[in-house]
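Protein chains: 4
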Amino acid sequence: MLVVMQHEATQEQIEGVVTAIRNMGYEARPIPGAQRVAIGLLGNDGRVDPSRIEGLSGVTEVIQVSLPYKVVGREWRPDDTVITLPNGAKIGGGSVVVMAGPCAVESEAQLNTTAAAIAAAGATILRGGAFKPRTSPYAFQGLGLEGLKLLRAAADRHNLAVVTEAIDETSLRQVAEWADIIQIGARNMQNFTLLKAAGQTRKPVLLKRGLSATIQEWLLAAEYIAAEGNEQIILCERGLRSFDPNTRNLLDITAVPVVKQLSHLPVIVDPSHGTGRREKVLPVARAAVAVGADGLIIEVHPKPEEAMSDGPQSLTLPMFDELMIEIAKVGIAVGRPISMATVAK
Amino acid sequence: MLVVMQHEATQEQIEGVVTAIRNMGYEARPIPGAQRVAIGLLGNDGRVDPSRIEGLSGVTEVIQVSLPYKVVGREWRPDDTVITLPNGAKIGGGSVVVMAGPCAVESEAQLNTTAAAIAAAGATILRGGAFKPRTSPYAFQGLGLEGLKLLRAAADRHNLAVVTEAIDETSLRQVAEWADIIQIGARNMQNFTLLKAAGQTRKPVLLKRGLSATIQEWLLAAEYIAAEGNEQIILCERGLRSFDPNTRNLLDITAVPVVKQLSHLPVIVDPSHGTGRREKVLPVARAAVAVGADGLIIEVHPKPEEAMSDGPQSLTLPMFDELMIEIAKVGIAVGRPISMATVAK
Amino acid sequence: MLVVMQHEATQEQIEGVVTAIRNMGYEARPIPGAQRVAIGLLGNDGRVDPSRIEGLSGVTEVIQVSLPYKVVGREWRPDDTVITLPNGAKIGGGSVVVMAGPCAVESEAQLNTTAAAIAAAGATILRGGAFKPRTSPYAFQGLGLEGLKLLRAAADRHNLAVVTEAIDETSLRQVAEWADIIQIGARNMQNFTLLKAAGQTRKPVLLKRGLSATIQEWLLAAEYIAAEGNEQIILCERGLRSFDPNTRNLLDITAVPVVKQLSHLPVIVDPSHGTGRREKVLPVARAAVAVGADGLIIEVHPKPEEAMSDGPQSLTLPMFDELMIEIAKVGIAVGRPISMATVAK
Amino acid sequence: MLVVMQHEATQEQIEGVVTAIRNMGYEARPIPGAQRVAIGLLGNDGRVDPSRIEGLSGVTEVIQVSLPYKVVGREWRPDDTVITLPNGAKIGGGSVVVMAGPCAVESEAQLNTTAAAIAAAGATILRGGAFKPRTSPYAFQGLGLEGLKLLRAAADRHNLAVVTEAIDETSLRQVAEWADIIQIGARNMQNFTLLKAAGQTRKPVLLKRGLSATIQEWLLAAEYIAAEGNEQIILCERGLRSFDPNTRNLLDITAVPVVKQLSHLPVIVDPSHGTGRREKVLPVARAAVAVGADGLIIEVHPKPEEAMSDGPQSLTLPMFDELMIEIAKVGIAVGRPISMATVAK
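Protein chains in written order, with this note's numbering: chain A, 0 to 344; chain B, 0 to 344; chain C, 0 to 344; chain D, 0 to 344.
Mixed in with the good hints, there may be bad ones.
Which copy is meant is left open, because identical chains are indistinguishable; a pair holds if it fits in one copy or across any two.
[As the list claims (entries may be wrong)] Derived lysine to aspartate or glutamate pairs resembling EDC-like cross-links, with alpha carbons at most 20 Å apart:
no.	residue 1	residue 2
1	Lys302	Glu321
2	Lys202	Glu325
3	Lys69	Glu230
4	Lys69	Asp48
5	Lys89	Glu74
No lab work stands behind these hints, which were simulated from the structure alone.
Bound conformation, chain A alone:
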């Protein structure tokens, strides 16, 4: 960490910073410059809170040189994290996993049709919302526990794993019981109590990036989970808030290689929320595989025009079949094969 002093900082102010750093248990090294003094903090273990220093008299800026996340950072653990699910599917480590299913769990028939179709097409993980965070209090909020049971049953019938969202501590306990992966949604990326609770389970966690979260904030959110002892974390880029009404969100495709350089965690992409329009899902899914994503999460519905939510971005079953074929070609081209259901068995 580097503390830049003001142009006109006094010797007393400089010594104040040096003393403060030493009182925190670190070494301080002043660096005189032509126009101003800077003070290096040595021995930073990632636990230094810069706002303790920023408020000191004479300080103009505090610059972080070390990265503030340790457990999820690649600096201290170079090898990719690979997560293995009960059905044999693997996330991370060079292949591409596909999660698919409806936005919301609506009925047994809907789920069974979808699960059969996605398994046949090669997906290994069934998605579907039982607890729905909705912008309006008057929108459909999900089937809850009943939805979880429907997901589990449909998935088991086709050797699929289950990923579904938890929105609070109560639903988290239920999701941890019935599903294989606990999803934390974009709106809850900095719900720190929920992150800690997810960190105390022993189930893999899918952590979506917040609507306007920096990559550092996202990795620090993952660090909250990891700091509780659960390092099975999958990051998911799902698009950022944008000024342009042409797309629902602004998918940050570059986040994939950026995160993979900074962290050993697997990163997947959600082209359904990232674009908001079904005809954009295929091209963006191809791009996600090409850029190096470890997986995709895709909204699929047997009858999108009857979907209770997100109909416009849901693929039909034939469109999903086509998508699986198309991304398989791209996966081969970039040396990242799609891990198909048969592989997972």
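Fit chains B, C and D to the given chain A structure using the hints.
Using the frame of chain A, we list chains B, C and D on its own:
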């Protein structure tokens, strides 16, 4: 609600939309145009979920004409909501209330010094974080219940009300017991479980705007609270995520008159988080009073250079004294007097 | 166009809007609703200025239903525009073209080495800035006309076409004389005088998207060029302004399929500016080809560490060789072959 | 400037950076750290181009410690710039100046009515667009030179100065001849050729902030003008691009005190473009005066419902009268009186 059909939509697709609208219990009225057909949905009571329609075949766009929030909207309740606290302070209705105190509760001495000073300067509400949502898991997370008790004691000694943040259901119960206003932070603006829980208390709720929330999303978050029966809601603009590192956040001053036109709820401004720099707090506080805000929430610390968090944006006690004098002048100029402690007694 | 009236609009205000629309030469059709009246404007030929209507008494909102660009829109011209350059290279129509070269023209040796290498690797167009728009007045501003001549000579030696930026009317005349494609940079996307001047030449124009331009504004900027009679326009996505310092810009990969649906113009991607870091160029270039881009523009420098500008995002020559091989594989996987130099001859 | 080396940088890479800095004529001072080495560049005169260093092998980041603008920065010139216009109006130095008039010059009658009214209300500068930069090529583009002459005549009749926009070199020459202040619009903030041309005139320049420009980019754009010898520059905050459709732009009120700390140039606010809605102009104008702006620029039209552009954000003449009275009260409250027409005479 208006459903715009695609240029080349067939008669069958148009009838599909008409039928879907009627099945939802509303009236549908097709409007032929030169280039495309639009279909009006009549009788919208704010409970129509547009995504049910967006997914239908042949639909290009669904345009919301009515506003989707009802209880917090001004359309059906023209008069300003005024909230009265146990110490007599009033929020809304033409005067300006000031909440002040440290970012984090650190000690009894810190709080007592601060409470005495802000009360003497005319503030009526003490703020201070006992539960701190922090970006890093390694940063100071607050004193918890002990902090709440210290806040209550310091406030009571000076006839101040207490506002403090709840970050989950557990802390919410404690905050509801010890404080006068429950604060929901920006990162939790769409933590719908927390919003519902706050709506089930009978304490006023201070709802901060999310880092990249639209005004409509913010009012819908308030609607979540109101839909549970608690209409004592105070909105707080605290700055949006920005691309410019010169300020911590980008304060949206125009949000104040925009929200006051759309809603009857009081709106306050947080110039401390909104700017992130103490020397910007006074000018922006003046601007907030001038623009018509119903109050301010200001970070104050007896020794900002020793603050455990947010030191750089905390005012010293003499700076706060000066701020109270300066905003009082602006309040008189715009016909919105500051409600001083003496008024509250 | 649909004019939504206020809830409480009077009959007189409604008639005022109807009269105004008729005076502009269009047909007006009032649509009564349960809560408010809307008025349809029929016969919109894309030349209706909505701000003429927005200011009328009683109007709450004007909604554009038709798209405001006509010549560049796909609605009236479904077939892709294909541009053929003097060296035989084609842009648009199903293959992928590669433009490469240094950020700035620095010397004859630099250009010759680069041109030889990119031609050998299969690129067909040489890029390089002779006129540089720089944020600081003290930064290197380019070699000007001398740079154009160096570009032309190096390109001709290797059967390459030349693309280079014009920053004002004077440089535009020179670029139009010496280059094959006139580049308009992101900062000049709404420099309407420059757009009109480019529209009056008969050279293809590469129009970069502005730092925070909506897709509609970008297509309207293209419409400025097209309205002057020059329809040989190539659009280039190069990343948007972002709040996250981890990347220089936020590349909007979804813009490619969005634009290709709305317009018949070819769209290329600039992964060098889009990411700002050379190690991110290869993955994002793969993604761009996978998503359906008609081409790439890539910064390459024989010695990036000596580059006068944009060194950190420039590929070395061996990295560029590898990129061409890798994107060729992706191009085959998505059915969009890279148009190689040999094809162009 | 501080060059941060990668964790694993070799001694050879460190020496490469040291040599490069020395070759540029500056002093290099390596600073060993616990985890990585940093290298200070001493003697930076603001002309060091960081991208020359960022591309060097082993470099992870280059941190600017000094500010890159010199002539417009307050660091080297602490006193406020005050600009005096031919009619006696002063901009900067503690009072608040008001510029007002229609978005576009439409007719002699329109201008005369407006000029008489704003002068009577106390404004000292007439605004009005003769050259209009419009998003669509089919929108009204302004009366050009004829409009300039109408502005001059109307202004002279009421002892007003004239501010109007130049959009290219041709219109700049005409504006410099007929007006008192040359306006550079937001879309042209980084049209460097236009900035240099404005810097070569001896007329004051009003420089609007770009739609997504950082404050540093804005001040560097001003530095372009100043570097040509024209230091009579007025900065104008007019709102940033936003994701929220509720306002046309997102006015950055905090930019006023931020810029005034960094620069000695006067800063004014445009609440008309900043909000896009006439009923928001008065509250935001009050806020701008309260925050310390040196002036306002306001759109006024005798009949906004007939305005050729920007009708929805134009004040009527009686609304402008009220605004002048209201901001005068705020000006007194913050010790920044409005400079009225009578003062200017």
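We went through each hint and held it up to the structure:
1. Lys302 <-> Glu321: So Lys302 and Glu321 pass the 20 Å test inside one copy only (17 Å; across, 44 Å).
2. Lys202 <-> Glu325: neither (31 Å within a copy, 37 Å between copies)
3. Lys69 <-> Glu230: Cα proximity of Lys69 and Glu230: one copy only (12 Å, versus 44 Å across).
4. Lys69 <-> Asp48: within (14 Å within a copy, 33 Å between copies)
5. Lys89 <-> Glu74: Neither: 23 Å inside a copy, 45 Å across copies.
Of the numbered hints listed earlier, those contradicted by the structure are 2 and 5.
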